[in-house]
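J.: Protein chains in written order, with full-length UniProt numbering: chain W, 1 to 408; chain B, 1 to 408; chain X, 1 to 408; chain Y, 1 to 408.
Incorrect hints may have been included.
To be verified - What the simulated footprint calls covered on chain Y by chain X, stretch by stretch (three residues with Cβ under 8 angstroms from a Cβ of chain X suffice, anywhere in the stretch; the number is not a length):
(1) 78 to 87
(2) 122 to 136
(3) 197 to 204
(4) 391 to 400
In short, the hints are calculated from the structure, not lab data.
Even glycine gets a Cβ: it sits at the ideal position worked out from N, Cα and C.
There are 4 protein chains.
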Amino acid sequence: MAKLKVVLAYSGGLDTSIILKWLQTEYDAEVVTFTADLGQGEEVEPARRKAELLGVKPENIFIEDVQEEFVRDFVFPMFRANTVYEGQYLLGTSIARPLIAKRQIEIARQVGADAVCHGATGKGNDQVRFELGYYALEPDIRVIAPWREWEFASREQLIDFAEKNQIPIAKDKRGESPFSIDANLLHSSSEGKVLEDPSQEAPEYVHQRTISPEDAPDTPTEITIDFERGDPVAIDGVSLSPAALLTRLNELGRDNGIGRLDLVENRFVGMKSRGVYETPGGTILLAAHRGIESITLDGGAMHLKDSLMPRYASLIYNGFWFAPEREMLQALIDQSQEMVSGRVTMKLYKGNATVIGRESAYSLYDEDLVTFEEGSGSYDQRDAAGFIRLNALRLRIAAQRKKKLQIQ
Amino acid sequence: MAKLKVVLAYSGGLDTSIILKWLQTEYDAEVVTFTADLGQGEEVEPARRKAELLGVKPENIFIEDVQEEFVRDFVFPMFRANTVYEGQYLLGTSIARPLIAKRQIEIARQVGADAVCHGATGKGNDQVRFELGYYALEPDIRVIAPWREWEFASREQLIDFAEKNQIPIAKDKRGESPFSIDANLLHSSSEGKVLEDPSQEAPEYVHQRTISPEDAPDTPTEITIDFERGDPVAIDGVSLSPAALLTRLNELGRDNGIGRLDLVENRFVGMKSRGVYETPGGTILLAAHRGIESITLDGGAMHLKDSLMPRYASLIYNGFWFAPEREMLQALIDQSQEMVSGRVTMKLYKGNATVIGRESAYSLYDEDLVTFEEGSGSYDQRDAAGFIRLNALRLRIAAQRKKKLQIQ
Amino acid sequence: MAKLKVVLAYSGGLDTSIILKWLQTEYDAEVVTFTADLGQGEEVEPARRKAELLGVKPENIFIEDVQEEFVRDFVFPMFRANTVYEGQYLLGTSIARPLIAKRQIEIARQVGADAVCHGATGKGNDQVRFELGYYALEPDIRVIAPWREWEFASREQLIDFAEKNQIPIAKDKRGESPFSIDANLLHSSSEGKVLEDPSQEAPEYVHQRTISPEDAPDTPTEITIDFERGDPVAIDGVSLSPAALLTRLNELGRDNGIGRLDLVENRFVGMKSRGVYETPGGTILLAAHRGIESITLDGGAMHLKDSLMPRYASLIYNGFWFAPEREMLQALIDQSQEMVSGRVTMKLYKGNATVIGRESAYSLYDEDLVTFEEGSGSYDQRDAAGFIRLNALRLRIAAQRKKKLQIQ
Amino acid sequence: MAKLKVVLAYSGGLDTSIILKWLQTEYDAEVVTFTADLGQGEEVEPARRKAELLGVKPENIFIEDVQEEFVRDFVFPMFRANTVYEGQYLLGTSIARPLIAKRQIEIARQVGADAVCHGATGKGNDQVRFELGYYALEPDIRVIAPWREWEFASREQLIDFAEKNQIPIAKDKRGESPFSIDANLLHSSSEGKVLEDPSQEAPEYVHQRTISPEDAPDTPTEITIDFERGDPVAIDGVSLSPAALLTRLNELGRDNGIGRLDLVENRFVGMKSRGVYETPGGTILLAAHRGIESITLDGGAMHLKDSLMPRYASLIYNGFWFAPEREMLQALIDQSQEMVSGRVTMKLYKGNATVIGRESAYSLYDEDLVTFEEGSGSYDQRDAAGFIRLNALRLRIAAQRKKKLQIQ
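Next up, chain W with everything else stripped away, as it sits in the complex (with noise of 0.2 angstroms):
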């Protein structure tokens, strides 16, 4: 009989060495492994000599830098919606997720792959992210979700397999660290122990990405950005790549205090968490985003996307990035982006990301019509007074019904 051949996302860490191991002992499967740069500020290269001091062979270990596609395909059109979940967080862990599973699976498919594995656990939310993810694109694949599945019961547990095992564990990781971490080009997050009391502050030392308000310049940035068809595609008038300008503006966010946010939020599973998030080009980016839809978008369209926004952030939260309804989704909001283009003047301080000015060719805002002047245009204040009694009409004749009722 074959041997099971499994796709790994192997970050190359030592949970998933740990993982990658016991898919050999436990199944006597053949591990091909994917790692992923996403941004994360590791190098991924080192995750080749482990792979293959792990017994992976040199054919089966894929490591790939997948910035640009991450930003364009998957960040930027989320951030067209100007998507938060739960009136807050970025979704900066919820949108890496089904680029990566779409790579296991392509992967997959490739080697004739049989399975493939995450190393995600059985309470959090990125476990149902990666196996929508599979299951959506590849409706048979057999998923191995080691956390749910094998029986250690205790860290100590895990490092005892991984030293029987000749893993190599770092210093500072054979007690259980602190906090846990997730990190890519849009956002680090930190959760877990030290973060699990949502009464206590957060401590300075679980932020990765930024540096705190306190600590940034005492005199503000400024910088503009440009927009077309919804996308950010220059700073300061430099025309950069998705992933160049994300990675410009994480550092003026890092620079500047912008983009942490400490938030207890609903986990799809039915739990709360506490997580703290920092993403700072990400801030920028929505309060820009925002700044030059204010002058492009038309105000009914704007209306329409802002009251879907929340279903959107949910499917994306959810894991149902490949779902019908999330490309539905996507087809309403990128139709209205067609026109949502120009620039936008940003300052940033100590933790604040604030437009103060915007400009479009496409512009809707019309001085003209604005002005406390009568102006020369196509405004007859006497209108309004028309548009005011039809709009008023049926509140006059529900107060008329009140009134003849209170009378009887």
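Given chain W, put chains B, X and Y in place with the hints provided.
T.: Positioned in the frame of chain W, the structure of chains B, X and Y alone reads:
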């Protein structure tokens, strides 16, 4: 024939004084003035003398402090929904208009007036908000909107009329002001003239209620806010009435450069306009309310609220406070707030209002459930497998269809 | 150690009798039976003897007529929203489950039981509805779902078990029935087996509660239905209790071939299934309720309700009756019904339930306003000009932009 | 100065003939007539002679058969969304107005006209639909709405004017008609006069397009309808053009008494009105489209569509066909229809249009999955346990809170 009797929303300023006189001369009306202290930061008593000077009978002068009613019955209910218009605006002007309209109608009934009158222009939203309020409460009331009716074509003509009618004109009112202001306990807004080009940064001097983040102290201020059933009731443990509490939050916000917003928005009457808003206390309150909800409100309840908020915000912005659908949404929102009680700790620093802690006897956050360890609790990680597989089922069936069609 | 005590939703039929015995043998449980008369059209008292025969103690047998509670507290509130799932289904099964779950939990508290048990299969929606109800009301209750747990792999094995355990088997139950049925006062549903091919017409014999339109009388029946605050209270002027009223509507519907539905629907568990539903009285009631709303409910209120109905319907369909968001929506809906009172005249004829007249002391319909003549009323046709021009303003500005761009 | 040139939507009937003459006399205008064959069931060629008689130049007379465009580009896109206004109305009048407005504007450009004119009254929705269409397509067009402008105060005065201007008056038009009619290939509507009392049944004689269910044949008619990408393409296997297909459905509907609706609705201008609508083919089409979607459309996609349909319907009803938010919704809807192809079998009988079968090569219905037997398939009943428990988790946590609070 009896004289027309009109209840005028009277600020005591030049514009409404002109309107007062115009009603007397143009309509030969008996004018009743209503001057509300909404916390705009100007004394209201001087309006009495001015009205008297313009010939209003003492019994026709109504001056009232409505700050507590304003905050308790209008501002707080709105904040229960985390209401923002177009993603950002805290609706400080919109929420005050229904209260003024309501009091004008009540006074009209009391004094037996035939008509009501306001000083809003024919291009803005306020005319709509006033008049929808009037009509919803008194369907057959006569509404006079001088700015849409009179023949004055310029500022000079208004000043001429004022001079001819012995209306005192403050020196700085003789020319046109560089922008126009509305203020109440929740916010100040500035718009027009120097703000009409949205590509240009708003000058520092338009700000009325806040110092700039740059001028704010270099050390953060920490406060606690206590909530009961969705409304704030105490700051730093000290119980305060609604208006006193908002006043205190305003001071805290002002001193820390919090709550400025420079926005191009879509008016109900169909045009885009640019406003600069300052909502110092409200900005803190919004963040704090989200903070207490994050641990006390069920996820399903929160998502329902969030998805309806844009509609609720538009209703208020457009002047439909007294419409049945606003009341229906309020019933839904209020129902959700029963257990939104507890304490939020906030850090205020140079424009940032950040939640750093939340605690509540009604908390739904369960540390035991969320911990990385298995926990003693009600969560079995193996349940996640079934949860995911059934959530994936329809995606898998669709993917199977796709494969089948590709083969054919 | 004390015996496990289980409250079983017991119909008295073969399947739940097998479950009863299985609980006794497999769990060594003390079984408490709950048999509800929901208007399913079968006598419930025989269940007592059957339970006794299977060794249930007399004090552990609960048989109750819950028809009035069912209609008053579950069916009528749902109909206030004009609730249909996927555009068509009147939710007859879904709405009964929460009541059964609630009573099981109440009985469990009363008798000190540890667990509850239902006879729904592992592929359907009912298991979800029962269990979400249990958990929402008693979070730590133990739930036993035999169809997901036991080892029986075929109908034969079930029959074997029944025979070995002296469970009486009606002759026609020995083989598999050609389809499965659920019934209560609101509806009957049929699904499975002969209905599993959705391309084939449902056989006439699956229908339980209605004659076919073809067999219905050749002359129409006319009735009136009176409403108070959104609920029906009288037929043809005769006041009736909720259950009596629905019973009478069922007779009228049955006799006129009204309320059949053949539907492929999306189950919460992710698959499509085909059902044949008969909701004779409910179909009449839905049309009548829309009829009385059409003259008594404000347009804005109606549109808000209509836009939320699909979400409300999904919540009920998916088993979230006791979830806070269902209760929030109910608060919104109930708020709208305050003046939904009056009389509707309906014509029933061969499958059609048609509103032919509506009248109400609370009517918002104003003949004087709507007449083609100018009318004496509050409507000035000239107001429409301003109304249209301001509604058009943003469209015009966008069109001007388009023209400007074409020229360039 | 050049003469005003006006494109009039001209039916050839008395009212628009009066308008034609009034434009010539009142405005001294050069009138261009546009007469559309929308399938209203009256010949349009006679309009040519009438226009000529009234002095319109031959090159200014435009008569066009737009039935195919009407059905293909307006009716079918709308039916993809299963669109009904206020739960019932199939929008037959609303959907025709944008097409007429669009052609008027195109003709105005072609002939160099300055203005457009329609014959809708000042109380209805049609004036809004026409004029929003005009303005959205040609922002600076001049709009003439005679019913809102002229001084005629009664039917008599109109007839006088007609007589004075040699406009031929059909005998039956001399008095007021007992109700007013609008018709096109999708529907006929009747309103006014004899229909103005909503408590009174609509007389049989107001119906234009259908026989009554009572008069329909005693035996059912069975047909099949084939769909491709959400649109019907064939009846009984015979491919038909859009207009031909709707024509055929209309005949089938008419002969079986299908598609009558007696409704009190909420007009955009704020009043309630009563209409009798006949949409024979559309009623069949709506049921059939839901039928084919039921097996080919994913549940999540369907629920998203359903939840947005009321908003989409209101946009069309209110005249916003050319607004960006309607186009955004259309993009979302169209995206969902890619695989909505297959065949529906329907039974037509005395007012009932019932789906009795559906089949498709794109079906998502899986008999193997849904069967009561375990099936070979991808569904493991044990998965349901985890699915339910995680869906229940937040309900359990809330219930635990409630218990804890009760104990305290």
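J.: Is the listed coverage of the stretch 197 to 204 of chain Y by chain X valid when you require three or more residues with a beta carbon under 8 angstroms from a beta carbon of that chain?
T.: holds (count 6)
J.: Can you confirm whether chain X covers the stretch 78 to 87 of chain Y, using C-beta to C-beta distances below 8 angstroms and requiring at least three such residues?
T.: holds (count 3)
J.: How about the stretch 391 to 400 of chain Y: do at least three of its residues have a C-beta closer than 8 angstroms to a C-beta of chain X?
T.: holds (count 8)
J.: Would you check chain X against the stretch 122 to 136 of chain Y, counting CB to CB pairs closer than 8 angstroms, and say if three or more residues qualify?
T.: holds (count 8)
Going down the numbered hints, you'll see the structure goes against none, and every one checks out.
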